[in-house]
Amino acid sequence: MSNLEELKHEIKKRLPDLDVVIGWEQGFDPLRTSPLFMRTAEDVDRLLWGPLCVHNLATYLPGLKGRKVGIVVKGCDGRSVVELLQEKLIDRDQVVVFAMPCEGVLSLRKVQKAVGDLDYVESVETDADGVRITADGVDHLLRFEDVAASKCARCGVHTAPLSDVLVGAADAREAEDDYADVTAFETRPQEERLAFWLSEMDRCVRCYACRNACPLCVCRDHCVAQSRDPHWLSQEDSVRDKWFFQMIHAVHLAGRCTECGECERACPVGIPLLLFKRKMNKEIRELFGYRAGMDVNAVPPLQAFKVEEDNIKERTL
Amino acid sequence: MSAITVPELRIVGFLCNWCSYGGADTAGVGRFQQPTDLRIIRVPCSGRIDPLFVLKSLVNGADGVLVSGCHPRDCHYSEGNFYARRRLEVLKRFLPILGIDERRFEYTWVSASEGQKWKNVVQTFTEHIHELGPAPRLDASLVKTAEALLTDAA
Ligand code: SF4
Ligand code: SF4
Numbered sequence: 001m002s003n004l005e006e007l008k009h010e011i012k013k014r015l016p017d018l019d020v021v022i023g024w025e026q027g028f029d030p031l032r033t034s035p036l037f038m039r040t041a042e043d044v045d046r047l048l049w050g051p052l053c054v055h056n057l058a059t060y061l062p063g064l065k066g067r068k069v070g071i072v073v074k075g076c077d078g079r080s081v082v083e084l085l086q087e088k089l090i091d092r093d094q095v096v097v098f099a100m101p102c103e104g105v106l107s108l109r110k111v112q113k114a115v116g117d118l119d120y121v122e123s124v125e126t127d128a129d130g131v132r133i134t135a136d137g138v139d140h141l142l143r144f145e146d147v148a149a150s151k152c153a154r155c156g157v158h159t160a161p162l163s164d165v166l167v168g169a170a171d172a173r174e175a176e177d178d179y180a181d182v183t184a185f186e187t188r189p190q191e192e193r194l195a196f197w198l199s200e201m202d203r204c205v206r207c208y209a210c211r212n213a214c215p216l217c218v219c220r221d222h223c224v225a226q227s228r229d230p231h232w233l234s235q236e237d238s239v240r241d242k243w244f245f246q247m248i249h250a251v252h253l254a255g256r257c258t259e260c261g262e263c264e265r266a267c268p269v270g271i272p273l274l275l276f277k278r279k280m281n282k283e284i285r286e287l288f289g290y291r292a293g294m295d296v297n298a299v300p301p302l303q304a305f306k307v308e309e310d311n312i313k314e315r316t317l
Numbered sequence: 001m002s003a004i005t006v007p008e009l010r011i012v013g014f015l016c017n018w019c020s021y022g023g024a025d026t027a028g029v030g031r032f033q034q035p036t037d038l039r040i041i042r043v044p045c046s047g048r049i050d051p052l053f054v055l056k057s058l059v060n061g062a063d064g065v066l067v068s069g070c071h072p073r074d075c076h077y078s079e080g081n082f083y084a085r086r087r088l089e090v091l092k093r094f095l096p097i098l099g100i101d102e103r104r105f106e107y108t109w110v111s112a113s114e115g116q117k118w119k120n121v122v123q124t125f126t127e128h129i130h131e132l133g134p135a136p137r138l139d140a141s142l143v144k145t146a147e148a149l150l151t152d153a154a
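Chains as they are written, first to last, in the UniProt record's numbering: chain B, 1 to 317; chain W, 1 to 154.
Treat the hints loosely; a few may be bogus.
[Said to hold, decoys possible] Quick look at which bits of chain B chain W covers, simulated, 3 or more residues with Cβ under 8 Å:
| id | stretch |
| --- | --- |
| 1 | 181-192 |
| 2 | 196-206 |
| 3 | 240-248 |
| 4 | 277-284 |
No wet-lab data here; the hints were simulated from the structure.
Bear in mind the structure is a predicted one, so any value in this text is a computation, not a measurement.
Cβ atoms here follow ideal geometry from the backbone N, Cα and C, with glycine treated the same way.
Produce the entire structure from the sequences given, and follow the hints as far as they go.
Spelled out as structure tokens, the structure:
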């Protein structure tokens, strides 16, 4: 039995005790998947697993609090689930985590760069040779590394850190993340860094897709971006307000962001939002030796303190 | 260059009610000469200072932001400044990626009795900000300049 068949079997076994199990199914074409909410055995038959299952489904969990929910997770999504549990935003006994080792997912943005127009794709196959895509009657063979999401190259958590049902053997491959992208960006002159964000953020359309896709952005209707009192942000289309919104997101995610990359993936205008979040995480790791979503009993560092901090020097002015 | 004799810049100061605001008061009562660029906002505790207060000030045109609270272990609410210390340190280290000069933001601890220390803090920070000069205005014209700069760099 293949892993996917075994996973379906396990889900069907547990389905009677659960209100819903969340996974992925094929979307409008063979390249795209969409979230699948399984309530019956027939629904489970539509389940997919593989490099096209890009969404981090943990985003749905806080909204389903109070119900018994099953969720299928990749390694990175598993970290989001752990972080939600750490912060008590979901209850451990209401969630059943179905995990399988993940070998990486595609970045549709990179595929689009390689293939061109992606309006409708006839077929997609992944095998040892790479990714074969037929779009508009033309065949393309792409190397998996070239079109995989950037987060996958530095992933050290291929299997979820916590699961109730694990199908397949846990994949313990490790990767060192030295935050080279952050360091490289920071060696550019300050003027250029500022210019970069101004021109990037100028394209923002304030759709808030970045916020809505984020599994740890849980305030929903109470988001400070839309509150009138206090009035943090105006409705203006100014680069200042748009950029400030990203600062809010980064600050509110400090020590909580699991670098799933959903904010960046969801952004319709391709703003590299993960760079902000990775910078935050780099500093959090240096200061507190902490990575979000790894240990269900750990307290996020900004919800705690030490009387004598190990890595914060006394400030002198 | 003495900050007292040159045109003022805009520096926003968030001070905790119990120590640093008292310290600033002590400095005033002692009639210590200080630069006048700093606009003080009194908050109940340094733990009340949301890092977004600082970012919002910087984004909206402050040339510098200073946060000051009670010395660690002296917080009126026991542990407010311990939380503040973590948040403010993280914030300070976050600024470089934005392209905002991290020297435009400082945080420090001054107690109510330290009038002289307060004067020195204000003096030093104000001088630093004057060395940096006015912060760039984040507006539409700067976006145009930014785009031109990036095209040149590419
Ligand atoms: S901020 Fe972005 S990368 Fe971090 S948890 Fe949210 S969606 Fe994922
Ligand atoms: S998803 Fe992109 S365009 Fe939409 S609000 Fe976020 S940054 Fe702006």
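Going through the hints against the structure:
1. 181-192: It holds: at least three residues are needed, and the stretch 181-192 of chain B offers 6 whose Cβ sits within less than 8 Å of chain W.
2. 196-206: With 5 residues in contact (Cβ-Cβ under 8 Å with chain W), the coverage given for the stretch 196-206 of chain B holds.
3. 240-248: Held - the stretch 240-248 of chain B has 5 residues with a Cβ nearer than 8 Å to chain W, which meets the minimum of three.
4. 277-284: holds (count 4)
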